[in-house]
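There are 2 protein chains.
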Amino acid sequence: MLTACRQVSPTTLIAIGITSIFLSATIGQGQTAADPSSSVDQAGNIRVPDVNYRKEWIALGTWAVAADEGGLGSNGMHVVYTQEETITAYLETGKFPDGAVLVKELLGTETAEMTTGTISRAGEVEGWFVMVKDSTGKFEDTNGLWGEGWGWAYFGADNSAETTTTDYESECLGCHVPAQDNDWIYTEGYPVLR
Amino acid sequence: MLTACRQVSPTTLIAIGITSIFLSATIGQGQTAADPSSSVDQAGNIRVPDVNYRKEWIALGTWAVAADEGGLGSNGMHVVYTQEETITAYLETGKFPDGAVLVKELLGTETAEMTTGTISRAGEVEGWFVMVKDSTGKFEDTNGLWGEGWGWAYFGADNSAETTTTDYESECLGCHVPAQDNDWIYTEGYPVLR
Numbered sequence: 000m001l002t003a004c005r006q007v008s009p010t011t012l013i014a015i016g017i018t019s020i021f022l023s024a025t026i027g028q029g030q031t032a033a034d035p036s037s038s039v040d041q042a043g044n045i046r047v048p049d050v051n052y053r054k055e056w057i058a059l060g061t062w063a064v065a066a067d068e069g070g071l072g073s074n075g076m077h078v079v080y081t082q083e084e085t086i087t088a089y090l091e092t093g094k095f096p097d098g099a100v101l102v103k104e105l106l107g108t109e110t111a112e113m114t115t116g117t118i119s120r121a122g123e124v125e126g127w128f129v130m131v132k133d134s135t136g137k138f139e140d141t142n143g144l145w146g147e148g149w150g151w152a153y154f155g156a157d158n159s160a161e162t163t164t165t166d167y168e169s170e171c172l173g174c175h176v177p178a179q180d181n182d183w184i185y186t187e188g189y190p191v192l193r
Numbered sequence: 000m001l002t003a004c005r006q007v008s009p010t011t012l013i014a015i016g017i018t019s020i021f022l023s024a025t026i027g028q029g030q031t032a033a034d035p036s037s038s039v040d041q042a043g044n045i046r047v048p049d050v051n052y053r054k055e056w057i058a059l060g061t062w063a064v065a066a067d068e069g070g071l072g073s074n075g076m077h078v079v080y081t082q083e084e085t086i087t088a089y090l091e092t093g094k095f096p097d098g099a100v101l102v103k104e105l106l107g108t109e110t111a112e113m114t115t116g117t118i119s120r121a122g123e124v125e126g127w128f129v130m131v132k133d134s135t136g137k138f139e140d141t142n143g144l145w146g147e148g149w150g151w152a153y154f155g156a157d158n159s160a161e162t163t164t165t166d167y168e169s170e171c172l173g174c175h176v177p178a179q180d181n182d183w184i185y186t187e188g189y190p191v192l193r
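Heads up: the sequence lines are chains A and B, in that order.
Under numbering that gives the first Met the number 0, the first sequence has 5 at position 6, and the numbering climbs by one with no breaks.
Under numbering that gives the first Met the number 0, the second sequence has 101 at position 102, and the numbering climbs by one with no breaks.
No copy is singled out in the list; a pair is fine if it fits within one copy or between any two copies.
No farther apart than 30 Å at their CA atoms in a straight line, the calculated lysine-lysine pairs in the DSS-like style are these:
id, residue 1, residue 2
1, 103, 54
2, 94, 54
3, 94, 137
4, 137, 103
Hints in this document: simulated from the structure, not taken from any laboratory.
Please read all numbers here as calculations on a predicted model, not as lab measurements.
Just chain A, same shape as in the assembly:
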């Protein structure tokens, strides 16, 4: 493009530089937000993010669900993804920014004897949990999915656009109580946040 921009003056370039510095400073003050629009509409309805989060977002970490007593390895893998902006903000502030979307993909597994031992790897998708950070509480009177600074929803594998959960307190919150003092998130499983 620059060959076509003969009128770009040194002043313009300096202005662009100053703008960049200003934007960096704003982010440095912990005001970074993430864009939740892939996952929440204006009415507070939640869906599985309609982006290829496996490729476009960043994997936070994997939880391997142990096989039942007597079995070997894992019978489930839960892989959690979020937007890159969420990780950038968390590393700066130690907090999840508004707009952070955490999608936990629930996968079955295949377990086999491999050259490195008995190994479980991801199988098919069995469902999703989605959480969306919103500290403003703007959706708390909408659909029963919002509270404690988050939106909470579960999705069966057959419908990523509509949650089957209707009451986050009775259907979602219980499993997160042990992480309550950590903004409800089990961050210890997420090496990229260390």
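With chain A's structure known, arrange chain B on it following the hints.
Relative to chain A, chain B alone:
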């Protein structure tokens, strides 16, 4: 920038458009390459990529190593990352492009009773395997790490810059023989490539 580009003519914009189409066509022909410079020097020495691959690259998938008989869950998690360009190219061509770097982070685990069951999650780094795609064979006479279209190296947790392996054939290849017909890679564990 456009406000500073008063001399951009319709002809220039058409030229830019044609260039974009040409570039897309080139990529479409499977000539996409990935940049291996974070992981390989000019002499073919391999290191663990000196980027924050957990955040800057894409997770291909996780292999959970089963605990020994009688134990529950996993006693290791192997998480594999690659550059985004590698995934883009693979999804277009079904092949790993030259310059693709696969870094397998070997992690210990913590296993605990959680609200969702007996769960293993990533612990500390115990080492890395790194593979680098190079179909040209240009490094095959250098350091014993290159052959079968790849560079192969293992790194202990205490030194990510220097491999301890010196002969890929005797130290690395054996574990990959079952995946030989799939360019030596166990892609079945990588949902993002499906």
